[in-house]
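Student: The primary structure of each chain is shown beneath.
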Amino acid sequence: MELDELKSAWQTLDQRLQREEAISLALYKHQKLDSTRSSLRPLHFGQLLQLFGGLFVIFLAGLLWSTKPTAIPVISAGVIVHLYGIACVITAGVVMGTIHRIDYSGSVVEIQSKLASVRRAYLIGAVVAGLSWWLMWIPFLMVLAGLVHVDLYSQAPSLVWIGTAIGIAGLVVMLGIYRYSQSHPHSRMRQVVDDAVTGRSLQRAQAYLDEVRQFQSENG
Amino acid sequence: MEDERKHEFEALLQEHRAIVFKVANTYCWRPEDRADLAQEIAVQLWRGWPRYDASRTFTTWMYRIALNVAISYVRKEARQREISVPFEEELHDRVGERSGDPVVEDRLHRLQQFMERQAPLDRALLLLYLEDRSQREIGDILGITPTNVSTKINRLKQKIRAEI
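Chains as they are written, first to last, in the numbering used here: chain A, 1 to 220; chain B, 1001 to 1164.
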């Protein structure tokens, strides 16, 4: 098909569209402009989950402080859990705020690139936050024990040390598997690790960011 | 004052409403998706309206928002469905009634198939090209240089000749 025929086909489509507009415009008029049914919140659920999770952790730490703990290990665990909760709330808030402030009247490449970058940053943060639970469960458990006035470290130090050793070993194994999979790009292991550790969402976000950058830079 | 701005917005939206529907039609196949996307674009246009700089072209501003919303919409849809939806005739409920002219229908069919094969950013370029927008305006809307637009359009033309 020649280009003028293509444009003529487009015009035909345009004329048909004019007839359909009446229906669609009526729909538009019947719905509120401030509808909250927005699809421009690609991370909405994850962010909210992280935000409330962070608030819950801060709440737990707050409960611990209300019991006025005196044991140093309990206080240390409380500080770690409290900081973790604050970090969760701040990162979720920053991402939500960034997305909310994005002005969609920017150029397509600029906005799509910004959205993809935010999404990628968020997903990397989520992976880091997830992996940290190899160790985070220990202070978390110590805080829960502290709420009932039990110093887990003095009562069962082996649990804390063994838990820490297992956590570190877990992280090292994860790192080893990750490195091995990255050095064997065509292996089944690579695919499994990419899916499980980095997540498909992150790969998609990265691929899309690359696509936008390529679209922007491609010339000649 | 607010009412005046609202009326001004509604008048401009009414005047250029075809842009909303063309963009929605370029990115969505099902009538319900098209209506959703058109609605979403209208919402974002309204939200962006207080920041609209009247010294700039309204249509350029409108295209930018409409395309950004549409691309984000299809990205989200693709994520939700885990896979991108391949072209399947029965799934793609197209605009309007058939003309009865097999030549016209064939052209339309091939145009639609071609559009659906393009990546979201390339589809935006194709839409603007078919709309006879100047290279400068296309560059302004997409955020790429006019030279880049020219290169891409040449490639697009070759692709059209080869594929359609």
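Think of the hints as simulated: they come from the structure by calculation, not from any bench. For every residue, glycine included, the Cβ atom is placed at its ideal position computed from N, Cα and C. Accuracy of the hints is not assured; some may be wrong.
[As the list claims (entries may be wrong)] Which residues of chain A face chain B? A partial, calculated answer using Cβ under 7 Å:
id, residue
1, Glu5
2, Trp10
3, Thr12
4, Ile90
5, Val94
6, Tyr178
7, Gln182
8, His184
9, Gln216
[Stated by the list, open to error] Mimicking PhoX-like on lysine-lysine, the simulated pairs with C-alpha atoms at most 25 Å apart in a straight line are:
id, chain 1, residue 1, chain 2, residue 2
10, B, Lys1159, A, Lys114
11, A, Lys7, B, Lys1159
12, B, Lys1022, B, Lys1006
Student: Hints broken by the structure, by number, lowest first?
Tutor: Those not satisfied are hints 4, 5, 6, 7, 8 and 10.
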